[in-house]
Amino acid sequence: GAGVSQSPRYKVAKRGQDVALRCDPISGHVSLFWYQQALGQGPEFLTYFQNEAQLDKSGLPSDRFFAERPEGSVSTLKIQRTQQEDSAVYLCASSVTLGRNEQYFGPGTRLTVT
Amino acid sequence: SQQGEEDPQALSIQEGENATMNCSYKTSINNLQWYRQNSGRGLVHLILIRSNEREKHSGRLRVTLDTSKKSSSLLITASRAADTASYFCATDETSGSRLTFGEGTQLTVNP
Numbered sequence: 002g003a004g005v006s007q008s009p010r011y012k013v014a015k016r017g018q019d020v021a022l023r024c025d026p027i028s029g030h031v032s033l034f035w036y037q038q039a040l041g042q043g044p045e046f047l048t049y050f051q052n053e054a055q056l057d058k059s060g061l062p063s064d065r066f067f068a069e070r071p072e073g074s075v076s077t078l079k080i081q082r083t084q085q086e087d088s089a090v091y092l093c094a095s096s097v098t099l100g101r102n103e104q105y106f107g108p109g110t111r112l113t114v115t
Numbered sequence: 027s028q029q030g031e032e033d034p035q036a037l038s039i040q041e042g043e044n045a046t047m048n049c050s051y052k053t054s055i056n057n058l059q060w061y062r063q064n065s066g067r068g069l070v071h072l073i074l075i076r077s078n079e080r081e082k083h084s085g086r087l088r089v090t091l092d093t094s095k096k097s098s099s100l101l102i103t104a105s106r107a108a109d110t111a112s113y114f115c116a117t118d119e120t121s122g123s124r125l126t127f128g129e130g131t132q133l134t135v136n137p
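Residue numbers (my numbering), protein chains in the order written: chain A, 2 to 115; chain Z, 27 to 137.
Keep in mind the hints are simulated off the structure, nothing from the lab. It should be emphasised that the depicted structure is a prediction, and the values quoted were computed from it without experimental measurement. Quick reminder that beta carbons are idealized off the backbone N, C-alpha and C, glycines included. Heads up, none of these hints are tricks.
Partial list, derived from the structure: chain A residues whose beta carbon lies under 7 Å from chain Z:
{"#": "1", "residue": "Gly43"}
{"#": "2", "residue": "Pro44"}
{"#": "3", "residue": "Glu103"}
{"#": "4", "residue": "Phe106"}
{"#": "5", "residue": "Pro108"}
For reference, chain Z alone in the conformation it holds in the complex:
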């Protein structure tokens, strides 16, 4: 079963705008990760945030984690058409164990 929900399910923006996606989960976690999946391809790891961290940056990506609300957000700044993909959050309860994925957000960046 899925760990939680992501919203929005779909997001369409113009190139250059920022995109924010949210993820909620149900159980206590060790790490939370975000992955990207282009149509018909495998998942690509974007960023990992540990349960004792609140914010993390990587290039144009910013991830926040609120363990009290069991939620995370992924912000992509200055979006590009190449950012068009599905984005999934994934959690694990212990390091190195199975990942539990959300249902994903389909992001479309229009040129």
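Okay, chain A solo, but in the shape it has when bound:
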């Protein structure tokens, strides 16, 4: 079956622009996670949804970052007024349910802010 997909795969934004990154999780997966991965580092948690409810957004680095999952399926991560330090790969992952924690990752969106 289809895995987690993300779009766009690459995004170049000028500093100050707003960007929107999309994640399509595996159909039927209840949980959805966003992570940020800087070059040469492991992923760092940003936020987590169970269905449409955002249960944990403690990892969002600033109020310029906003995520939503209005119908409990597709999710969008929005970054307003991008800064150079926002340059990273943004990874989305989904998992079946709370009781199972194997997460299935998408290919990521590489954001470069110039």
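Given chain A, put chain Z in place with the hints provided.
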């Protein structure tokens, strides 16, 4: 912030040799998982070990967990060039919650 450290940061071996990577973490955990990431790609789940388990096998992979030392190791036996990738350990404090990743080990298997 990262959960802990992985060592070595980089490992280069010949095809057929075994590769061992270590991971340390800081807090109490529910599960520990290992993931692989090929360059420019997403992470692929390899194996999960629960906090009450000490060892687990899956094909050529062997994972150990020592909760008293807050450490884990991943052994890949009879390595292949296709095993070249970055390997990350990840922990969660409750099942189904956020994962906290280590900094990863870059493994290169030379043909």
